[in-house]
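2 protein chains.
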Amino acid sequence: MTLLNLLASRSSRMKASEIRELLKLLDQPDIISFAGGIPDPALFPAEAIRDAYAEVLGGGEAGAALQYQVSEGYLPLRRWIAGRMGKLGVACDEANIFITSGSQQALDYLGKLFLSPGDTALVTWPTYLGALQAFNAYEPRYDRLRPEGGNMTPDAYRAAAAANGGKVKFAYLVPDFANPTGNTLDRQQREAVLDLAGELDIAVIEDAAYRALRYDGEGVPPILALDCARSGGIDKARTLYCGSFSKILSPGMRVGWVCAPRHVVEKLVLMKQASDLHSPSINQLVMHRVAESVFDGQVEKLIGAYRERRDGLLGALEANMPKGVTWSRPEGGMFVWATLPEGIDATELLARSVKEARVAFVPGNAFYADGTGRNTLRLSFTLADRRAVTEGIPRLAALLKG
Amino acid sequence: MTLLNLLASRSSRMKASEIRELLKLLDQPDIISFAGGIPDPALFPAEAIRDAYAEVLGGGEAGAALQYQVSEGYLPLRRWIAGRMGKLGVACDEANIFITSGSQQALDYLGKLFLSPGDTALVTWPTYLGALQAFNAYEPRYDRLRPEGGNMTPDAYRAAAAANGGKVKFAYLVPDFANPTGNTLDRQQREAVLDLAGELDIAVIEDAAYRALRYDGEGVPPILALDCARSGGIDKARTLYCGSFSKILSPGMRVGWVCAPRHVVEKLVLMKQASDLHSPSINQLVMHRVAESVFDGQVEKLIGAYRERRDGLLGALEANMPKGVTWSRPEGGMFVWATLPEGIDATELLARSVKEARVAFVPGNAFYADGTGRNTLRLSFTLADRRAVTEGIPRLAALLKG
Chain G
-11 MTLLNLLASR
-1 SSRMKASEIR
9 ELLKLLDQPD
19 IISFAGGIPD
29 PALFPAEAIR
39 DAYAEVLGGG
49 EAGAALQYQV
59 SEGYLPLRRW
69 IAGRMGKLGV
79 ACDEANIFIT
89 SGSQQALDYL
99 GKLFLSPGDT
109 ALVTWPTYLG
119 ALQAFNAYEP
129 RYDRLRPEGG
139 NMTPDAYRAA
149 AAANGGKVKF
159 AYLVPDFANP
169 TGNTLDRQQR
179 EAVLDLAGEL
189 DIAVIEDAAY
199 RALRYDGEGV
209 PPILALDCAR
219 SGGIDKARTL
229 YCGSFSKILS
239 PGMRVGWVCA
249 PRHVVEKLVL
259 MKQASDLHSP
269 SINQLVMHRV
279 AESVFDGQVE
289 KLIGAYRERR
299 DGLLGALEAN
309 MPKGVTWSRP
319 EGGMFVWATL
329 PEGIDATELL
339 ARSVKEARVA
349 FVPGNAFYAD
359 GTGRNTLRLS
369 FTLADRRAVT
379 EGIPRLAALL
389 KG
Chain X
-11 MTLLNLLASR
-1 SSRMKASEIR
9 ELLKLLDQPD
19 IISFAGGIPD
29 PALFPAEAIR
39 DAYAEVLGGG
49 EAGAALQYQV
59 SEGYLPLRRW
69 IAGRMGKLGV
79 ACDEANIFIT
89 SGSQQALDYL
99 GKLFLSPGDT
109 ALVTWPTYLG
119 ALQAFNAYEP
129 RYDRLRPEGG
139 NMTPDAYRAA
149 AAANGGKVKF
159 AYLVPDFANP
169 TGNTLDRQQR
179 EAVLDLAGEL
189 DIAVIEDAAY
199 RALRYDGEGV
209 PPILALDCAR
219 SGGIDKARTL
229 YCGSFSKILS
239 PGMRVGWVCA
249 PRHVVEKLVL
259 MKQASDLHSP
269 SINQLVMHRV
279 AESVFDGQVE
289 KLIGAYRERR
299 DGLLGALEAN
309 MPKGVTWSRP
319 EGGMFVWATL
329 PEGIDATELL
339 ARSVKEARVA
349 FVPGNAFYAD
359 GTGRNTLRLS
369 FTLADRRAVT
379 EGIPRLAALL
389 KG
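Protein sequence lines correspond, in order, to chains G and X.
The numbering used here puts the first residue of the first sequence at -11, with every later residue one more than the last.
The numbering used here puts the first residue of the second sequence at -11, with every later residue one more than the last.
Certain hints may be false.
Facing chain X, according to a computed beta carbon distance under 8 Å, are these residues of chain G, among others [said to hold, decoys possible]:
1. Ala36
2. Arg38
3. Ser89
4. Ser263
These are calculated hints, taken from the structure and not from any lab test.
Even for Gly, the Cβ is constructed at its ideal location relative to N, Cα and C.
Same shape as in the complex, but just chain G:
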């Protein structure tokens, strides 16, 4: 399927699989792409990772690295993660940490754990596309979570869920530098999510994939930390924190984690035994070594590089975009979210932009569970070097002006 055919065929919301198809088609050298949501491979700590594989496979650990492993994951890595969670205000130990094959697998398992067909998941409008895709397998409906204010009453959420034959099961959100908007919830908004979840007696799935990538401003405690403080400790919390090494160290190694009450971890372990036994042993041993040695330095390196790219993109938008176009100013993460004047369809714009301006982005309505948001788009700045912003953004802006 060619890209233009794909775009021309879109009468409704693009699916995640179509977005991925789109990204493959966009991978052409003369296209300036703000579409992919991937880290810059030039910034991977490839040398540290290479050394760690060599050390693990060259010493007494080779047998363990290449052999089957327990489903909950490699104990030293789980301990290291528990220590990091402690620094974020979440007192926990290895029994609260479950290793996943990236945080996508955490979303899949949590969907499987909570959702029966017809149940309701609360998500923001827009939200992370991969979460919708993971949850969709379990046939929920979605209702809208508005952490910025304006939620329905608990009774109204419950009534809407019951009218569809199910119950509200969880609220899912990306509180730090969200994909796709780049927005961050302040402490009060996080507390309000916990209030609502408490009244509904539902779980909160906190997707913290971008959390370490803060370029300015003060960090806000994880929802899980606030939950532990009010509930009396992690094993009484309702929040399930999904973390990942993908954005900091390497997505290709597929190592993420869930930090959650022990009774939830125990269920996830059984699920993993049945579904893929365990995440690759060798990658867990290596990730542990690499995290111990370079995690903090790598975060600093990425913050320096991505902050500059974010600033470059924001500056180019400011300098070039016509009136009526607005955008988010993220304090971290990978994405800027732009809103076009009403009536401009970003999917149609993408078709023209790829053809005429050779500039790509992801149309925003893919991220809306209800298929709205047609006048929005997502721009990733992780690969946005000086040329990309100084050439690409003016070309995109010219299209919008024309």
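Take the given structure of chain G and dock chain X to it, following the hints.
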């Protein structure tokens, strides 16, 4: 939970999670264990794997190895596998190959693809425990497949499934050196499975995890090869072949595959996008290099080592076991299956054996979907060195005689 508590608490069939708990508890230096179903880590091609990680991460491929990857898997690896499948009589190309995180993930996905609650899966009595665990998540019932002869009529299978509110969806089997029995189906038996599947119009899931490990006798074509020959090519076949590198190169890298009609592969790819995006890129790049360079030599090495261990175990059983105990004589794989006289419960025997003889095995009834087979047990020979068989088997035999 202590081992003896665990065993004492068993009034019914052990679950896979309990077996795994058992295996952890059995990991004591003075226990001679025939329980684990794992390859010998001393035989892993650790050096070749170490070199491949160093090469992949030291050269121009580092970025791709550490980055996100397409959900269907790394193309050169899929091509290599397609070539191997061709040598087994399955003409196919990369569009028929889907990379999984071990063949356990293939079983999970195929269960998800085919089974709705109440549907029927046909499995042998006994069958691979991990398959039951993967399928159980989708709430099927099981009916008995007898490839050795004695199947019900298609109408009877259909009626039994309908009486439970579902349909027969697939037949699952391990045709070569099965886990747990060690038995291999001959060509006629494989053709009969295809006949039955054709009459029922269901899929056949061929679990080929042990296929390369043949120690004597002639190879039998994969069911998929026979299916392709009668159906006119892989894209018209009903057989889904699950392969794995776990038993030959390394289980800890978690790389397996499905070889199947293109329309099935396409569905599996969407499932994988939603569930974990892709198997680790780096392990796929490395597995491709390692498979290209050492696969055949590694198979030879394992055949030499495991054949000797199988012969040692069979010899010790012959020399020591009392009358009334019988066992399989596998032409390959990892397991010997023993049947005790009626009335001896292998779970009770294990409790005594661990306490009095310090010898361990897996009680066979865990492998029966209906919880029968209480007088059976599985002995793995992959770690059975001379001492294990010359000391362990006489001690186990003495218990049975006493």
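Hints violated by the structure (listed by number, smallest first): Per hint list: single violation, 1.
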